[in-house]
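Participant: As a plain string of letters, each chain reads:
There are 2 protein chains.
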Amino acid sequence: MITRNEQQNARRRAAEMIRAAGIRITAREADGIDVVDFGLSRLEKEGVQVLTLVQTERISVKVLVLFPGQTEPEHWHPPVGSDPGKEETVRVASGTMYFYLPGENTFKQGFLVSGKEHCYTVRHELVMRPGDQVTLAPGVKHWFQARDEGVVLYSFSTVARDVMDQFTDKEIVRTTRVVEK
Amino acid sequence: MITRNEQQNARRRAAEMIRAAGIRITAREADGIDVVDFGLSRLEKEGVQVLTLVQTERISVKVLVLFPGQTEPEHWHPPVGSDPGKEETVRVASGTMYFYLPGENTFKQGFLVSGKEHCYTVRHELVMRPGDQVTLAPGVKHWFQARDEGVVLYSFSTVARDVMDQFTDKEIVRTTRVVEK
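Those protein sequence lines, which keep their order, are chains H and B. Numbering follows numbering that gives the first Met the number 0, with no gaps: position 145 of the first sequence is 144. Numbering follows numbering that gives the first Met the number 0, with no gaps: position 2 of the second sequence is 1.
Misleading hints may appear alongside valid ones.
Quick list of simulated restraints, FRET-style, between CB atoms [unchecked claim]: (1) T134(H) - V139(B): 23 to 31 angstroms; (2) E15(B) - V172(H): 42 to 50 angstroms; (3) T134(H) - P101(B): 30 to 38 angstroms.
Hint data in this document are derived by calculation from the structure and do not stem from the laboratory. Virtual Cβ for every residue (Gly too), placed ideally from N, Cα, C.
All chains should be modelled from the sequences, with the hints used to inform the complete structure.
Facilitator: As structure tokens, this is what we get:
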């Protein structure tokens, strides 16, 4: 749950970071940025801001923003019907992204969200800078984080069905509730 | 056919335009920009520069550059095997794009390539600026053009099989031949 004020402030801040990254977006797009708290009600710690540029039955293009210190919780994209699951390429536009996926534990530069250590199980670390990208096959667990400067990244994928995403943290609800006060 | 010199100059110029548009690319990506003359040997008039960012079996992300006065010839994306054909969203990153597709003839601000008027049959005009985008279903004929300032655009699509593209101009060969001098 977030307040309308939190939503509007996060939207405005995300739009500024997107534009500062050199990405030209329309006023309408800026107004439509999704502010996602994953039902955890502590947006600044675990959350993400999402601008959907393209969403068809076949592909999806999003710009994601993490504020400094914000973490997108560990999740994966399961098969849905005849779809083997979402394949996703993330590419950094500005800032530095600490990205985690399965493999040897090389966890070093990021941090684990306090009290939620058990919800961050994959710890192979990539430190990604503008122009760096990685492609994830369906089903691969991943989470990512920004530190001091925040990060703006692209997500290019096959069709996104966000509500079907699976999270390690069972307290997560993918739909964010916004309250007026 | 283009010379190695033409290829290298066009690559360099395209990389500069991409970076000036605020898009962060690696040195390796810049060196891999495709310079496409469509087999017509007059790159400055009919051609395109293509940086492929993502190419998997399911999706494709490219950055395209048209120099001032350059036109990408009319073409469409046909079905290939079980694929209904490439679905494509183009989005302008910088500059102005004159984009043409089927519909009422509203041709006004672009120009027809001299001597090739019959190869540009769809003339419904969109004048697109940064942040503007359009999604094309498979099979829809289209062509596009830059005038004074050139244009840098994104192409987000389902899997690209460029050699299967169909062109109105029967003289076109999709593979560009590069000669050493």
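Participant: Each hint: holds or not?
Facilitator: Each hint, compared with the structure:
1. T134(H) - V139(B): 23 to 31 angstroms: With a Cβ separation near 28 angstroms, T134(H) and V139(B) satisfy 23 to 31 angstroms, so the hint holds.
2. E15(B) - V172(H): 42 to 50 angstroms: Given range 42 to 50 angstroms: holds, Cβ gap about 46 angstroms.
3. T134(H) - P101(B): 30 to 38 angstroms: 34 angstroms, holds
In the structure shown, no violation is registered for any of the earlier numbered hints.
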